[in-house]
Amino acid sequence: MNWAFIIAEIITVVGLTTPILLAGLGELVVEKSGVLNLGVEGMMLVGAISGFGVTVYTGNPWLGVVGAAVGGALASMLFAVLVLQLNSNQVATGLALTIFGTGISSLLGLGFTGRIVVPFLSVFPASLSKHPVLQVIFGYSPIVYFALIMVPLTTWFLTATRAGLILRAVGENDLSAHSIGYSVVRVRYAAIAFGGAMAGIGGCYFSMVITPMWAEKMTAGRGWIALALVVFAGWRTGRLLAGAYFFGILMALELLAKGVGFSILPSQFWAAMPYAMTVVALSFISSRGTAGANAPACLGKPFLPST
Amino acid sequence: MTKMSHTLTRRSLMKGAGVATLATLASPVLAADKLKIGFILLGPIGDYGWTWAHNKGRLAIETALGDKVETIYVENVAEDASAIPVIRDLAQQGCKLIFTTSYGYMDQTVQVAGEFKDVKFEHCTGFKRADNVSTYNSKFHEGRAVLGTIAGKMSKSGVLGYLGSYKVPEVVLGVNSFALSAQKENPKATVKLVLIDSWFDPPKEAAATETLINLGCDVVTTHTDSPGPLQILEQKGLFGFGQGADMSQFAPNAHLTAIEDIWGPYYVARAQAVLDGKWSSTDTWDGFKEGTVVIAPYSKGVTAEAAADADKVQAAYKAGSFNIFTGPIYAQDGTLKVKDGEVMQDADLAVMDWFVKGVESAS
Amino acid sequence: MRLKLEKRREASVAMLVATPIASVLLTMLIGMVVFDLIGINGTKAVVDIFLSPILATYKWQDVALKAAPLVIIALGLSMGNRAQVWNIGAEGQYVIGALSAAGVGIAFGTSGGFFVVLLMVIAGMIGGGAWAAIPAVLRTRFNVNEILSSLMLTYVALQVLGYLVGGPWKDPNGRNFPATAPLDPSQTLPVWPGSTVHLGVLIAVILPFVFWVIMSRSEFGYQVRVVGSSPTAARHGGFDSKRTIWATLVIGGTMAGLAGALEFTGVLHKVDLGFASGYGFTAIIVAFLGRLNPIGCLVAGIVLAVTYVGGQMAQTSVHIPNSTAGIFQAMMLFFILASDILVRYRVRVIVKGV
Numbered sequence: 010m011n012w013a014f015i016i017a018e019i020i021t022v023v024g025l026t027t028p029i030l031l032a033g034l035g036e037l038v039v040e041k042s043g044v045l046n047l048g049v050e051g052m053m054l055v056g057a058i059s060g061f062g063v064t065v066y067t068g069n070p071w072l073g074v075v076g077a078a079v080g081g082a083l084a085s086m087l088f089a090v091l092v093l094q095l096n097s098n099q100v101a102t103g104l105a106l107t108i109f110g111t112g113i114s115s116l117l118g119l120g121f122t123g124r125i126v127v128p129f130l131s132v133f134p135a136s137l138s139k140h141p142v143l144q145v146i147f148g149y150s151p152i153v154y155f156a157l158i159m160v161p162l163t164t165w166f167l168t169a170t171r172a173g174l175i176l177r178a179v180g181e182n183d184l185s186a187h188s189i190g191y192s193v194v195r196v197r198y199a200a201i202a203f204g205g206a207m208a209g210i211g212g213c214y215f216s217m218v219i220t221p222m223w224a225e226k227m228t229a230g231r232g233w234i235a236l237a238l239v240v241f242a243g244w245r246t247g248r249l250l251a252g253a254y255f256f257g258i259l260m261a262l263e264l265l266a267k268g269v270g271f272s273i274l275p276s277q278f279w280a281a282m283p284y285a286m287t288v289v290a291l292s293f294i295s296s297r298g299t300a301g302a303n304a305p306a307c308l309g310k311p312f313l314p315s316t
Numbered sequence: 303m304t305k306m307s308h309t310l311t312r313r314s315l316m317k318g319a320g321v322a323t324l325a326t327l328a329s330p331v332l333a334a335d336k337l338k339i340g341f342i343l344l345g346p347i348g349d350y351g352w353t354w355a356h357n358k359g360r361l362a363i364e365t366a367l368g369d370k371v372e373t374i375y376v377e378n379v380a381e382d383a384s385a386i387p388v389i390r391d392l393a394q395q396g397c398k399l400i401f402t403t404s405y406g407y408m409d410q411t412v413q414v415a416g417e418f419k420d421v422k423f424e425h426c427t428g429f430k431r432a433d434n435v436s437t438y439n440s441k442f443h444e445g446r447a448v449l450g451t452i453a454g455k456m457s458k459s460g461v462l463g464y465l466g467s468y469k470v471p472e473v474v475l476g477v478n479s480f481a482l483s484a485q486k487e488n489p490k491a492t493v494k495l496v497l498i499d500s501w502f503d504p505p506k507e508a509a510a511t512e513t514l515i516n517l518g519c520d521v522v523t524t525h526t527d528s529p530g531p532l533q534i535l536e537q538k539g540l541f542g543f544g545q546g547a548d549m550s551q552f553a554p555n556a557h558l559t560a561i562e563d564i565w566g567p568y569y570v571a572r573a574q575a576v577l578d579g580k581w582s583s584t585d586t587w588d589g590f591k592e593g594t595v596v597i598a599p600y601s602k603g604v605t606a607e608a609a610a611d612a613d614k615v616q617a618a619y620k621a622g623s624f625n626i627f628t629g630p631i632y633a634q635d636g637t638l639k640v641k642d643g644e645v646m647q648d649a650d651l652a653v654m655d656w657f658v659k660g661v662e663s664a665s
Numbered sequence: 004m005r006l007k008l009e010k011r012r013e014a015s016v017a018m019l020v021a022t023p024i025a026s027v028l029l030t031m032l033i034g035m036v037v038f039d040l041i042g043i044n045g046t047k048a049v050v051d052i053f054l055s056p057i058l059a060t061y062k063w064q065d066v067a068l069k070a071a072p073l074v075i076i077a078l079g080l081s082m083g084n085r086a087q088v089w090n091i092g093a094e095g096q097y098v099i100g101a102l103s104a105a106g107v108g109i110a111f112g113t114s115g116g117f118f119v120v121l122l123m124v125i126a127g128m129i130g131g132g133a134w135a136a137i138p139a140v141l142r143t144r145f146n147v148n149e150i151l152s153s154l155m156l157t158y159v160a161l162q163v164l165g166y167l168v169g170g171p172w173k174d175p176n177g178r179n180f181p182a183t184a185p186l187d188p189s190q191t192l193p194v195w196p197g198s199t200v201h202l203g204v205l206i207a208v209i210l211p212f213v214f215w216v217i218m219s220r221s222e223f224g225y226q227v228r229v230v231g232s233s234p235t236a237a238r239h240g241g242f243d244s245k246r247t248i249w250a251t252l253v254i255g256g257t258m259a260g261l262a263g264a265l266e267f268t269g270v271l272h273k274v275d276l277g278f279a280s281g282y283g284f285t286a287i288i289v290a291f292l293g294r295l296n297p298i299g300c301l302v303a304g305i306v307l308a309v310t311y312v313g314g315q316m317a318q319t320s321v322h323i324p325n326s327t328a329g330i331f332q333a334m335m336l337f338f339i340l341a342s343d344i345l346v347r348y349r350v351r352v353i354v355k356g357v
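Protein chains in written order, with the numbering used here: chain A, 10 to 316; chain B, 303 to 665; chain C, 4 to 357.
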């Protein structure tokens, strides 16, 4: 058992997983509130350039992450206003946000080609973060730990707090929630903003940790994997964590296969797996039609109170 | 003109008018003589790599030829069908010489060249020509031989990494040259190759580099265009090389040296040829000797022995007395492909699609 | 004082037509301002993106070539949307269509001619339709949301593309660059002499009228609209909504596949990794901008094609990246979606609250 290799691969998988875990967690909350935001890729890119830009100007990566969250949240507000105030079609609006986010990040990024920042790596002392074995626990960027902490936090929020219950109620039956007196619109605004912030942080992982530079479209489609992830996880946070790492392992396998010369299965097989598995999972979830691991009943539908 | 103003006879007026007309006729022709040169660039000028080097070539034209020329460039042109209207647009804007600076523009260049027979096209690293399409390439693999020498000498694990894009001859030559030269320093050296199907994709390049490192590589050379791989190597305290230009600013410790692409002299020569009306379709493949391949200064991390051996390779190439592709060369499966002492010809190198022994790859 | 939304009894036709126009104009205006703020010549950028392709006649064929696939795909999508069926996988169906056509072309080697090309195009339609049949089956059998399934299948399709052009269908003379061999001229679509405008453009002009007739005059078109407005009404009318869902999804896929095959045989003549250029997603914008009306799709397709071509022109003139055309396309969609509400609702200002 080559432990050095296993440890190294675990670290690689964590790096591949973290952005989709963050964006997926954010989108899960959004969808739990009944809104389908397909604009994840766009928000991630906005977060990537925002985080990078703030870090370049302030020299402080913590501020950079905040900047990324703010950027992502702002981008999501474009979507929120249209969908919540003007009842526009969620699918089309989300797609427009993706296209918009891609374009605006490219435009804003024009002044940043060739610039680099210090990568936002582990804040633990080198004895821990570079230790041959312990680095598997201590060697990561703070963003990684943030993502991991957010999983139980979000779970606790959704299942054990009143606000979380309201959010889920809004997603399952918005008209009832409205008649009880909850502000559906306000809840959804908050959820969408949270989703945007998380996607933004997921995006800045690319520009501040993996390759501390800016390149157009540098999130390379991970936003779409995050969307798949939410569905694959059946809208459950625990499954989302497992699913994210499963997808991350698949991504790592694609490259490993190339590196060791394993060519029996084409590399595209591994790359297609997350999406294909999501379709399979979807079929299981939807056909059984049981509550629990099922899409929120109001997902994608506009909120149309009669008053 | 001053003579005209002194003798205002009808004759001199007529003569004056004649000369004036000739002068006015001449000036628009002179103005039109300003040669418009277009550049199709794969990445951003600020990539400090492949595209940055081509842009330096463009600036060299402007410096050398001044106001005889005007250059236009387009960055981030994808290597697919969307390049066709962009190339066409340059021709429609009046460019009479267009450089398309990546392999993936090949068919698009040929197609647009067919529509604009009076425009000259220069396609980089391709092989399809036409009456108005030239191809030009640089023997990057000569530079790889220098990098391989350093890598082979300095690698502690003996496992070297090569990050490539596609299995096109340019990459195959690079891999093989890198492997052969490393094996001269360390006969047991092996090269792990990962092809990522793109010239520029920072996160994928980074993940691939990490994978190579996880598989035991402690020196990785990149044949893709972003500094991402170098940044990963810097984070891990390992070594690598810059691509297309000196990339040491991205990785001061990891960056040992780089292959620099020097396009200036060729670009100026071609522009001058168009100006002189002497341009014709050619295929140019220059290297160390002609100056298109230059090795960046060695960093402090390069050991003295490695530097010495690398210098020897450079000198031999510049003198024209050395070719890394000299037999005996074995293929991956062990068959002898090039006999002892035999030197592979350029024509065979240009279509090379097999890897040498010691290269581990998925195909 | 607050705003009250009153549902109109009938969708306002005036608004239906005015809002797309207003959206385009507003986009141009705001675009100018945003670019100026960033330090790029806003007026020049907007003029380049929106007006230059119209003013420069030599660009018209580029606009036509870009508009054709957008219009064709949008026609299929808008029919589905009318039935409340959301096909987001047009990009994948477009790619599979092109690959199907490519496969037929490879099977015939270098021989071509009218029937071979026809076969290639039909193969494209079947391929796209079949790829859309998957979400159709999943929706009707397993109640799977077709938005999610069709979207996932798009990314699977892209991997299929990567596998085929990098492996079994790679051009043997292409020095291992992942792309199919260029089509023999006998396997390409006829082209208007002296230009690059291919037969597909003509198809893209005729199809909207065909769809218009189907949607407004035929039983099927009526069925689609009823199913879209209310599944209960549909049941009472004796229409099988499942059949309609099937039909509209497959038609959407067929149209996308047709567009892919036409783009392959008419413009690109080969399939490479960059083949999926986003038409399948932009066509969604076209469908909305065209208010899901076939003739509207034709006009909207041309408008978006203009921004595509303009975006390329702006690359050379104002040095803004290609993807910034997307900013304008998205803005137009934002505005049209926002203004949608004015079509269905009247805005009333209430001075005293109750």
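Derived from the structure by calculation, the hints contain no laboratory data. Fair warning: there could be bad hints in the mix.
Claimed, not checked - Calculated lysine-lysine pairs in the DSS-like style (CA-CA distance at most 27 Å, straight line):
#	chain 1	residue 1	chain 2	residue 2
1	B	K430	C	K245
2	B	K639	C	K173
3	C	K10	B	K659
4	C	K173	A	K310
5	A	K226	B	K358
6	C	K10	B	K419
7	A	K139	B	K538
8	B	K358	B	K338
9	C	K10	B	K430
10	C	K10	A	K226
11	A	K139	B	K659
What the hints assert, rightly or not - Covered by chain C, according to a simulated footprint, are these stretches of chain A (three or more residues, beta-carbon under 8 Å):
#	segment
12	100-106
13	235-242
Heads up, the beta-carbon is just placed ideally off N, CA and C, and yes, glycines get one too.
Structure-based check of all given hints:
no.: 1; hint: B:K430 with C:K245; verdict: violated, 53 Å
no.: 2; hint: B:K639 with C:K173; verdict: holds, 25 Å
no.: 3; hint: C:K10 with B:K659; verdict: violated, 75 Å
no.: 4; hint: C:K173 with A:K310; verdict: violated, 44 Å
no.: 5; hint: A:K226 with B:K358; verdict: holds, 25 Å
no.: 6; hint: C:K10 with B:K419; verdict: violated, 62 Å
no.: 7; hint: A:K139 with B:K538; verdict: holds, 9 Å
no.: 8; hint: B:K358 with B:K338; verdict: holds, 17 Å
no.: 9; hint: C:K10 with B:K430; verdict: violated, 63 Å
no.: 10; hint: C:K10 with A:K226; verdict: violated, 41 Å
no.: 11; hint: A:K139 with B:K659; verdict: violated, 35 Å
no.: 12; hint: 100-106; verdict: holds (count 6)
no.: 13; hint: 235-242; verdict: holds (count 3)
Violated hints, in rising order: 1, 3, 4, 6, 9, 10 and 11; the structure is consistent with all others.
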